[in-house]
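Trainee: Whenever a hint applies, use it, and build me the whole structure from the sequences.
For the protein sequence lines, the chains are A and B, in the order given. Mind the numbering: the first sequence is residues 0 to 573 in numbering that gives the first Met the number 0, read in order. Mind the numbering: the second sequence is residues 0 to 196 in numbering that gives the first Met the number 0, read in order.
Read the hints as simulated data drawn from the structure, not as lab findings. Source: prediction; values computed, not measured. By construction, the Cβ of each residue, glycine as well, lies at the ideal position given by its N, Cα and C atoms.
The following residues of chain B were derived to be distant from chain A, with all beta-carbon distances above 10 Å:
1. I70
2. V77
3. E85
4. Y113
5. G155
6. S158
Which chain B residues face chain A? A few, computed with CB under 7 Å, are given here:
7. I3
8. Y5
9. N17
10. L20
11. G21
12. S28
13. M31
14. L32
15. A39
16. F42
17. A47
18. P123
19. S126
20. T127
21. A130
22. T134
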Amino acid sequence: MTESNNHHELVFWRKYIFSQDHKMIGLQYGITALSFMLFGFSLMLVMRWQLAYPETPVPLIGWLLGDDGILLPEVYNSLGAMHGTIMVFLGIVPLAVGAAGNYIVPLQIGAPDMAFPKLNMASYWAYFIGGVIMIVSFFVPGGAANSGWTSYPPLSVIATTGQTLWLFGMIALITSSLLGAINFIVTIVQLRAPGLTWMRLPFFVWTQLITAFLLLLAFPPLEAAGVLQLMDRLAATSFFMPSGLVVSGQILEASGGGSPILWQHLFWFLAHPEVYVLILPAMGIVAEVIANNTRKPLWGLKPMIYSTIFLGFMSFTVWAHHMYMTGMGTTISAFFQTTTMIISIPSVVILSALFISLWGGSIRFNTPMLFALGFLPMFGIGGLTGLPLGLAAADIHLHDTYYVIGHFHYVVAPGTIFALFAGIYYWFPKVTGRRMNETLGKIHFWGSIIAINGIFFPMFIQGLAGVSRRMWDGGAGYAHAQDVLWGNEVMSIAAGMLMLFQIPFVINIIRSIKHGEKVDDNPWQATTLEWTTPSPPPHGNFAALPTVYRGPYEYSVPGRDKDFWPQSDPEEGA
Amino acid sequence: MEMIPYTVEAREDTGMNNAKLGIWLFLASEVMLFGGLFSAYVFLRLGAPAWPEGGSILSVPIATFNTLILIGSSVTMVFSWTALKENDFGKYRLYLGVTILLALLFLAVKSFEYSEKFSHHLYPSSSTFMAIYFTLTGLHALHILGGIIVNGYFWGPGSKMWTSDPERFTNRIEIAGLYWHFVDLVWIFLFPVLYLL
Chain A
0 MTESNNHHEL
10 VFWRKYIFSQ
20 DHKMIGLQYG
30 ITALSFMLFG
40 FSLMLVMRWQ
50 LAYPETPVPL
60 IGWLLGDDGI
70 LLPEVYNSLG
80 AMHGTIMVFL
90 GIVPLAVGAA
100 GNYIVPLQIG
110 APDMAFPKLN
120 MASYWAYFIG
130 GVIMIVSFFV
140 PGGAANSGWT
150 SYPPLSVIAT
160 TGQTLWLFGM
170 IALITSSLLG
180 AINFIVTIVQ
190 LRAPGLTWMR
200 LPFFVWTQLI
210 TAFLLLLAFP
220 PLEAAGVLQL
230 MDRLAATSFF
240 MPSGLVVSGQ
250 ILEASGGGSP
260 ILWQHLFWFL
270 AHPEVYVLIL
280 PAMGIVAEVI
290 ANNTRKPLWG
300 LKPMIYSTIF
310 LGFMSFTVWA
320 HHMYMTGMGT
330 TISAFFQTTT
340 MIISIPSVVI
350 LSALFISLWG
360 GSIRFNTPML
370 FALGFLPMFG
380 IGGLTGLPLG
390 LAAADIHLHD
400 TYYVIGHFHY
410 VVAPGTIFAL
420 FAGIYYWFPK
430 VTGRRMNETL
440 GKIHFWGSII
450 AINGIFFPMF
460 IQGLAGVSRR
470 MWDGGAGYAH
480 AQDVLWGNEV
490 MSIAAGMLML
500 FQIPFVINII
510 RSIKHGEKVD
520 DNPWQATTLE
530 WTTPSPPPHG
540 NFAALPTVYR
550 GPYEYSVPGR
560 DKDFWPQSDP
570 EEGA
Chain B
0 MEMIPYTVEA
10 REDTGMNNAK
20 LGIWLFLASE
30 VMLFGGLFSA
40 YVFLRLGAPA
50 WPEGGSILSV
60 PIATFNTLIL
70 IGSSVTMVFS
80 WTALKENDFG
90 KYRLYLGVTI
100 LLALLFLAVK
110 SFEYSEKFSH
120 HLYPSSSTFM
130 AIYFTLTGLH
140 ALHILGGIIV
150 NGYFWGPGSK
160 MWTSDPERFT
170 NRIEIAGLYW
180 HFVDLVWIFL
190 FPVLYLL
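Mentor: Here is the structure:
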């Protein structure tokens, strides 16, 4: 830790627990989110055991599941719902926004901290409370929420207590991201260093800005929906409960008159922009790493920025493409089908620009770059397999099959999570002053990319055969699944392998904190502002506020001895 | 000590200080929250075979009275801010105090309305109309309560800042006022939607 002479050392709990420094809060987010991701992944391993070897005792943790160690259908449902919830709301978003965004954005814009440090702390603790509520929900009667991560009523309204805790947990998480979103936008708009104009802003900051707007405007309708569902569960209202609903052979006692579809509208109004919350920061990280390791400016930075803004707007107009099967009518389907095709354009622009950026570069194949390069085709597969789902006619066949699972996991797992790995390897030297081990990093990358394709590719095959995503036995009792049942074991073994290949990553992180190779402040010879301050940056980040003179990716500028030109270097052009 | 810029003075190119941009963003998210609930209202009402006229169940005179109280509190809120601009701390406290009292009066009237409904065995579970009435007005009442807490803090312990950093304190009252006007505005929408339509 660096010494700061001009103010007294903070006591332990102010410095590490209730810290208001964006860097410490970023690390808190990072550690918490990685732990939740490991937990969410473990839930999935238990499910994958059941899918590959139905109704055989689960090894190692079987004793948790009851006397015979077999995963019961209702527990399977809980694990599925909580895997989705934990990965999305407690894992990836906090890691991409709460950790990476919090730590890097103020540094990249040359700010001493976030605009509202206390709000930043409150945001982390609201997230933490949300996480605790979600964990506690596993221990209430009936177990955790078991109506899918989408919590569709009427099922979720008549579900066990875990669902109530899920809703309270979500309200805490929504509060957290609301506070975070306000903080990010104000920070980026107000605290940019002198000379850092909008077009000189690194692409990563742009993606964080648009992400913050999505969180700000898309989450409140889910909060509204959550309040309505809580009313349905606790005050016996019928916002989502239709009249004359029959449950277990009996007509349910409720005033009725509500609509289950209303929940779907409100939920997807959040959850579609949420997809872009998951992917935009990932694109930002990949852009930083690619520009740095090709030693070239990004190809088409301006179109990428405009595409990101357009993507943000459009993401509010596509939500009902998740609802083609609800019978909302062909006219509405046609509208959402059209907007869905339109929104694929900016994604393709960004991805193409990143691909073309590689052209003619002398590429450094270090670990962050490998993960960034891995992101490109993986996100490409994820994106392209989404097109048939966006077309109402094709979606009728594919809806709720494993094809859908394969599609969005390609986007968020080898897509977003690989980008986050790239970010961790890339910015680790800034956080610690030491570099992570390259050999372990490469084992981590090659093992992960092979294993992860082994998990998600067979899902397309099963899905096209019509295997439903919700079957507890993996399709063993389903006639059409018989020809593709082999996929279950392949996927489960690949999932186990993926877990094993995270071990080098965990070892690498822990080992490198103390024993990693010591590096200077700018080990990657990068141009953006975060590399002009010591590693780790002191409280207040910069000794003197930097001034910015040029764009973010001035690499290999002709006529200069060095192949990078930092944004804050006042030297005139050669 | 690091200094976060633009906590008090406005940034030249945006014309705002941090807190002012922050409150506008917060209000934008609040618009989406209540927007989602109003959309739910429209969605449910369009799908309902019959919908009661609000005035036949709820008391329009009481709600009109409450509307006037809230508008009045918005006016006194502005007066308390201008009092600070005129350097008149006593007047500020008087008007902010009146604002808080009016807000409490609003809540008192609201709880009287609620208990009237309960005594006629009208609960959120009675019908979709009652459900949306209790949910929307309940959430609005929570916002009123939040405003009372914030204003109460600025009336009491928070007002110490007037001596240490008067400009920043004045900004805070302006921002609390923006929030208060928004809560008022939500009621202006709730009143016709629930009571008159």
